[in-house]
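Going down the list, the protein sequences come from chains A and B. Each residue of the first sequence is one higher than the last, beginning at 1 in our numbering. Each residue of the second sequence is one higher than the last, beginning at 1 in our numbering.
Hints were generated in silico from the structure; no laboratory data involved. Don't take each hint at face value.
[Said to hold, decoys possible] Which stretches of chain A does chain B cover? Using the computed rule of at least three CB atoms under 8 Å from a CB of chain B, they are: (1) 39 to 49; (2) 152 to 161.
[What the hints assert, rightly or not] For lysine-lysine, the following DSS-like pairs were computed, each having C-alpha atoms within a straight-line distance of at most 27 Å: (3) B/31 to B/113; (4) A/51 to B/20; (5) A/121 to B/113; (6) B/31 to B/20; (7) B/144 to A/75; (8) B/31 to A/121; (9) A/55 to B/20; (10) B/113 to A/25.
In this text, a Cβ means the ideal position worked out from N, Cα and C, and glycines have one as well.
Listed below are the residues making up each chain.
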Amino acid sequence: MNSISRTPAEITARVKALESMLIEKGLVTTEMVDRMVEIYENEVGPQLGAKVIAKAWTDSDFRTRLIDDATEACKELGISGLQGEHMVALEDTDDVHHAVVCTLCSCYPWPVLGLPPNWYKEPQYRSRMIREPRSVLAEEFDYVVPETTEIRVWDSSSEVRYWVLPQRPAGTEGWSEEQLAALVTRDSMIGVAPVEAVS
Amino acid sequence: MNGLFDLGGVDGLGPINASKQEPAFHAEWEKVVLTLFPALFRAGWFGLDSFRHGIETMDPVVYLTSPYYEHWLHTFETHGQRNGELDMDELDRRTAHFLAHPDAPLPEHASNKELVDFIDAASAGGVPPQRPTDNPIRFAVGDKVRLSHDAPRGHTRLARYVRGKVGTVSVHRGAFVYPDAAGNGLGDDPQHVYTILFDSAELWGEQAEPNTTTTFDVWDPYIEHVEQAVGANA
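All chains should be modelled from the sequences, with the hints used to inform the complete structure.
What follows is the structure, encoded as structure tokens:
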């Protein structure tokens, strides 16, 4: 072990050195990197999860299928893939609010949310969220959940990937799916924020 | 292993640096490291579980303080060294070269459509962790179970904060690759996975927050019956 952290310049050089060796072995190409980046910068992100949520809010049959088997329901919308091979959508109610964490590493439902933000992968959120979720939501995310509402935290210890189907905000009656999808944030699907209608 | 990465319930790590918006990548090198995950998976350097275990063996001080994707770089190096595919002296030599000459070019190389197609197939199709098994489904929804006290020295997903605790089976998820086997190079050994619901008081005693619960997914060998659900078949 070498407990000296590398500087950004050292990490950059180390990665380039490794990349150069793996290019020579034929295991990676710069085109492969470009394709991966294109997918997770521009194609796969929380806009896909938002589309699923908006459909669930406006189509009760789809909502039932989503709760029953989120992996299959998402495939109906062409949404599937890496790190979401077995997905579960957790339906918020007045009685139960759900939130998601991976205490052991950084597991996250990539097909519907894209790559996780850094804070989700860092020790602070992972250590505290299961122990004091009510305080974390209130203090760190300005999200005060009523004490009468159970907060259920889902620790992603297996390959099952959880994400939250938040409550539809009041004042959105008659809105289109597109309008509703625009309200749904990454944080609301992690469970650290509600969905709020713009007044 | 009882490593520092097993962070559930640890106190004193400070405030969360939450962001509303954030780019997918914070530096160019992160793009390469993300891509090496599917590339080296394809090359057979690791499976998902052994990939995680490579991160778990990092120096804990570096683990806590380094950028996230440096964890991945560490597991690539660990597995490359283990399987004899990576000449570490050569890696050091090239690192020094690129440190002195950051703009030095990468080796020229031809396109390989197969590799790009693999990225498309993996990102859209995933790498299914489900596996068939003839093992019996030993637990029913509503059963009370106790989690194992075991403290394996290799890879496991049995977090310290749930060991020895009693919870309720809430869902059977099907059968999956068993991390305690696959993460230690012992094959898939598929096992049934269950979601266990814990009341916070069981986990944190008098310090538990009111009206909060936690669920944690377990593989069959992690749990034993305390009490079968009323009405369930034995």
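Hints, one by one, checked against the model:
1. 39 to 49: holds (count 5)
2. 152 to 161: holds (count 9)
3. B/31 to B/113: Holds, because 19 Å separates the two Cα atoms, which is no more than 27 Å.
4. A/51 to B/20: Answer holds: residue 51 of chain A to residue 20 of chain B is near 19 Å, not above 27 Å.
5. A/121 to B/113: violated (32 Å)
6. B/31 to B/20: Holds, at about 21 Å.
7. B/144 to A/75: Between residue 144 of chain B and residue 75 of chain A the Cα gap is close to 34 Å, so the pair fails against 27 Å, i.e. violated.
8. B/31 to A/121: Distance ~17 Å between residue 31 of chain B and residue 121 of chain A Cα, so the pair holds.
9. A/55 to B/20: holds (24 Å)
10. B/113 to A/25: At roughly 16 Å apart (the allowed maximum being 27 Å), residue 25 of chain A and residue 113 of chain B satisfy the hint.
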